[in-house]
Each structure stands twice: as structure tokens, then as C-alpha cells.
Amino acid sequence: MEEAGNTLLLLVLLVDLYAVSTSRIQGCIRASALHGVLLAALPGTLHGHLGTHALVIGLGTLAVKALFIPHFLMRALRQVQIHREVEPSVSQHRNLLAGTCLVAFAFWLAQRIPVPNSTMPTLLVAVALATFLLGFFLLVSRRKALTQVVGYLMVENGVFLFGLNLAGSMPLVVELGILLDVLVSVFVFGIILFDIREEFDHIDTHALRELAD
Amino acid sequence: MTLAFLIALPIAGAVFCMWQRELSRHFVALLSTAVGHALLVGSVWMHGASAVTLGPLFAVDPLGLIVLSLSSLLFLVAAFRAVPYLLHATHDPKAAPRVFVPCLLWFLAAMTVVATTQHLALLWAAVEGTTLATAPLISFYRRRGALEAAWKYLILCSLGIAIALLGTFCLGVAADASGQPASLLVNDLRRLAPFVPRSWLVASFVLALVGYGTKMGLAPMHSWLPDAHSQAPSPVSALLSGVLLNGAFLGILRFYQVTLAAADARFAQDLLLALGVLSMIFGVGLMAQQRDYKRLFAYSSVENMGILALGAGLGPLALAGTLFHMINHSLAKSALFLLSGNILRRFGTTQAPEVRGLQEAIPATAVLLVTALFAIGGVPPFSPFWSELLIVRAAVVAQHPAIAAVVLFLLASGFLASIAVVMPMLRGKPSNSGTAAPLESWSSWIGPALLCGALFTLGCYYPGWLDRALGSAVAQFLPPNR
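So the protein sequences, as listed, match chains A and B. Going left to right, the first sequence walks through residues 1 to 213 as my numbering numbers them. Going left to right, the second sequence walks through residues 1 to 482 as my numbering numbers them.
To be clear, the hints were calculated from the coordinates, so they are not data collected in a lab. Each residue gets a CB set at the ideal place from its N, CA and C atoms; glycine is no exception. It cannot be assumed that every hint is accurate.
Claimed, not checked - Listed next, with one range per pair, are the computed distances between beta-carbon atoms:
{"id": "1", "chain 1": "A", "residue 1": "L172", "chain 2": "B", "residue 2": "W19", "range": "43 to 51 angstroms"}
{"id": "2", "chain 1": "B", "residue 1": "I419", "chain 2": "A", "residue 2": "V173", "range": "48 to 56 angstroms"}
{"id": "3", "chain 1": "A", "residue 1": "C101", "chain 2": "B", "residue 2": "P93", "range": "46 to 54 angstroms"}
{"id": "4", "chain 1": "B", "residue 1": "M46", "chain 2": "A", "residue 2": "V184", "range": "29 to 37 angstroms"}
{"id": "5", "chain 1": "B", "residue 1": "R144", "chain 2": "A", "residue 2": "L180", "range": "26 to 34 angstroms"}
{"id": "6", "chain 1": "B", "residue 1": "L39", "chain 2": "A", "residue 2": "L172", "range": "46 to 54 angstroms"}
{"id": "7", "chain 1": "A", "residue 1": "H53", "chain 2": "B", "residue 2": "L39", "range": "32 to 40 angstroms"}
Taking the hints into account, I'd like the entire structure generated from these sequences.
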């Protein structure tokens, strides 16, 4: 089981790097769908058994993060008809380089602060931190509002991965509450996105700078 | 049972409104929920807070009760103000009046959970819920500025809150490491705090402070706050400043409770002090260059959140004053934002230099505006004077005379800066721009008048029940008896 868990974690890391280095918004959305699938499979794999609790959370994650959200984002992408779907300010090589540096930092940090009496693979914290940091990077380095939403989802996924370290699992209602928050947040992001599109005719966040002191 | 009703009532109201297209039914749902919620909170006071629990996850503790009561009271005031406001907004083709009431009620539901839950991850989920419920309210008018503010608010607060969840999980990892069965319930964590690895405890507090601090508007993570507060409809601004910020502060205080239960919490106090002073400097500095009166009040919120963080950082001695100041700030700032809505309605602008003759045009609003401004500026006999005095006194007692001096200087500067903007608005001849409503209806100023009355009363007479409530809340920060 340790083998399978580590493989899944490495796949998460690869998807992270893909999301950061691609310049196409569709690519980012697909990456977040893949994340959803991997995250749904991880809790059961890591804990080695599949209780009702893990099953409910796994299926919920699959439905929300792998199916609903990517579908919703793709639809939003079609509806707002972004003419240039390529981020103008993205250099793939530079992003990949920056992403790799962040991954290296995450691994170094995970080594420095080992999780005390954890039964989880040591890779977990490193990958969780890397996903968190790369999501953060995606969010601040891109202009298109949709890519920023994907960045936010990656940050959230990183925190979810880190949460797998908790031995005493949380009450089901709390975990479902967190999942519901993610679902609703993408919904609200979408609503405001449509309004922005109506008003500004595009969703380039660099134009959102009327308010300042 | 009371607690189940408290949470279920606003949810039921919100769901009801999402199925109803008639605005008049929305109003009925809004007002009856607001009144019912306030009555239920009143019954919690009657029963005594400790008797009210629901499962392992929910319980009303003295600290949560203060936040809950403030939320309920201010929601009631804002709800009554929101009805005429919304009727007026139906003339605006871009506004979406049908999302308004459901979002307000979801916000109340999420805030109730924030104030009553004992589970830190559920607390997190509810704080994020308040962000999601208020974002469509900020973009209500769908003008460019409003949409920009809502987007900034969503991105920054969601991100900040994600950091807070990382902090929550760090605390969980720390509790697991103590070798005893652990949960994320505050009281369990406080019991285990002395036995957890220090590095994880520090990490969790820092992450939670940065995360919830973003939502609370502490500098340098405050940049969403002035935009959101100035662009939102005024009843919503009042709720953001008077209710939402307290929820984020409660998040920080929960982590602070746990950290104080560990042996040495010096680092947490120093961090709170530093962020508090920084927020005051940012808030006052930016107040001094404002021409927009709503942004002025927003930066005053940044300043006051700084005072709260600083007061918490001074240790248990200043906590009673800090919680008292939280109450005072909420009352005063809600009044100010509700009044700013009256000015905006009459003059059609938020630029202070374009507003003249307030005294002649809307006299009741003008008088109350000055009253609330003096109150929040710390002028006796209003209650913020006493809470600020308590905090400054604690700074002196805690051997931080420099901080006390800086705080006094900043408080005075902030007061002068706001007076300098608002006083010229009062005099002169009113211009007739905007949607001129010639008569000032009583419904526009009765809520702020009640809030100003409360500030005056609390300043002259400090009731015993309030002292007991604050005292038992402060006791929750002292190390548990073992």
C-alpha cells in the first residue's frame, strides 16, 4: 500500500508542475480534474482500508473535484468565450523553473519539520506543501480569472493532502462541510466572473485596478 | 435544542427565499428570522450559556456568546434598514434584489456556527462560509468598482482562510504528537497544549494569525477591506464591519486560547502586538489621506482591528478591555456605515468634498454621524473611551510604555483625521444632486440612534451582567486547572 500511495503522490506532483507550466487555460482545468481523481483515491490507499467514512469522502471528492468543478469551469470558459485562451504573460520555461524551485523548497521544508509519530509516508507532507506553494504561485502569477480559480483549488488541495496526516480523523460532518465550501466557492467565483465578463467584456484581472489609494 | 433552532432558523429562511420570487415574502422571511434569532439569543442569556449545547461540536461558551449576541443584535438593526434600502434598489436595473436576502440569511447562519462551534475545522468552514455568503452582497450593484472589490475579497480572503486551515491541521498534528487521543475541539486542545511539540504549536498559531488576520483586515493583509466596505451597499458594510470582522477575530482568539494554555506564549503575544501596532499605523495613515467618507470609515476599522489585536497581545489583563472594545467598535461602526448610506442616498456620492450642508439636508443623520464619530474616536462619555483606556492602562502595567504612547498618539491622529473629513460636510448649502428625498424618514436614523444610545449608556453605566459576561470570557484564556 505504501508503494501505491507514493505513486499517487508523485502523480499529484507531476500534475502540479503541468498546471504551472501550461499556458492554456483548458490545460489548467484538466489538471485540476486529475487532481480530483488522485485526491479521491488517496485517503483509502494511504489508510489501507476503506470504511464508510473514507468511502463517503472519496466519492464526494470525486464528484465535486473531479467531475462537477472541472465541468463547471469548462462551461464557464466556453460561455465567456475568452478569445485569447493563452495567457499572454507566461513563459513556460521560466514557470517550470520557478515551479521546480518551489518543489525543492517544499521537500527541504518537509525534511526539516518531520511529522511526529506519523504512519503516513514522508512524501505526503512534501507533496502537500509543494501543491500548496505551486497553487499560490499560479494564483499570483496569472492574470486570467479562471486560472486564478484553478490556483485557489490547488492551494485547497494542498491543505487537504496535509490534513491526511491527522491520525484521529475528523467528524464526517466537518469534512463534508469543507468539501461543500469548495463547491460553493467555485460557484460564487463563477457568478462574479460572469458579472465581470458582462461589465468589462473580458476577464483579465489586470484591468481590475480602479480602486486604490 | 435552542442551539439547533438558532442555526436552523436562518438556514430555513434562506432556503425559503431561494424558492420565492416575490420580494415582499423575502422581507417577511428576513425580518421574522432576524427577530426570531434575536429572541433565541435572548433565551440563551436567560438559561445561562453553559446549559446550551448541541452534540460534541457545538456549545455556547462565554466568548462565543459575546460574538453571537453582537451578530444577532446588529443583524436585527441592519435587517430593518435593508428593507427600505432594497425597495429603493429595485429601481436600479443592474442590481439583483433577489440574491440579497438569501445571502444575508446564509451569512447569519454561517456567523451563528462561527460563534457557537467548538471544533476548529468546523469554525474554519463556517468562516469561509461567511466569505462566500457576503461576496455576492458586495458586488450587489454590479458596477465596475463593486465587481473588482468582490473579486479581490473572494481571492484574498479564500486564500487567507486556506492558510488558516493549514494552521488548523498543524494544530491537529501537534495534538496527535502528544501521544493522547486528540480531536480539534478547543477544550481538548487546551488540555493537551502543554504536552505538544512547540515547533508545531508555533507554526499553527502563526498560520492561523496570518489566515484569519487577512479576513480580519490586519495590516499588511488588509487591502481587500477598504474596497469591499466602500463598494458594498451600506447595510452590508455595517454587517461586514460590525459582525464579519469579529468572526475572524474569534478564530484568532480560539488559537490564542490554545497557545496560552501551553507553557510559554510570549511569541504569540509579541506577534499580536506587532500586527496590532502595524494595523493601527496603516489604518490611521491611510485615514489621513482619504476624501471618500466610506473608505475613511473602512480604514478606521483597520485601525480598530489593530487595537483589538494589540489588546489581545497584551495578555489576560487587557482582554476584558479588548472584548469590550470589540463590542463598542461593532456598535459604533455599524451606526457609521448605516448613516453613510443615508448620505449616499441623499447626495449620490461618497466623495466628502462634494457633500455639503448635511446639517440642513438631513439633520438627524448629521447629529448621529457626529455622535458616532466622537464615540469611536474615544471621546468621553462614550464607551469606546473606557475600553481604549483599559487597553492603554494594560500596556503601561505590562511595561510597554512606548506602545501606550504610540497608541495614544495614533488614536488622537485617527480621530483628528476623521473629524477633518467629516466636519466640512456638515456646513454649507446642500446641493441637489443625487436622488433627492426631501424628507428624512425616521426609519433611516432610528437604528443608528439606538446604537449611539447604547454607546452613551455603556459609557455612563457599566452594567453588572456585562462585567460578568466579559469576566467569564476572559477566564477562558487563563490556563485550565489541572
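Any hints this thing doesn't respect? Which numbers, in order? 1, 6
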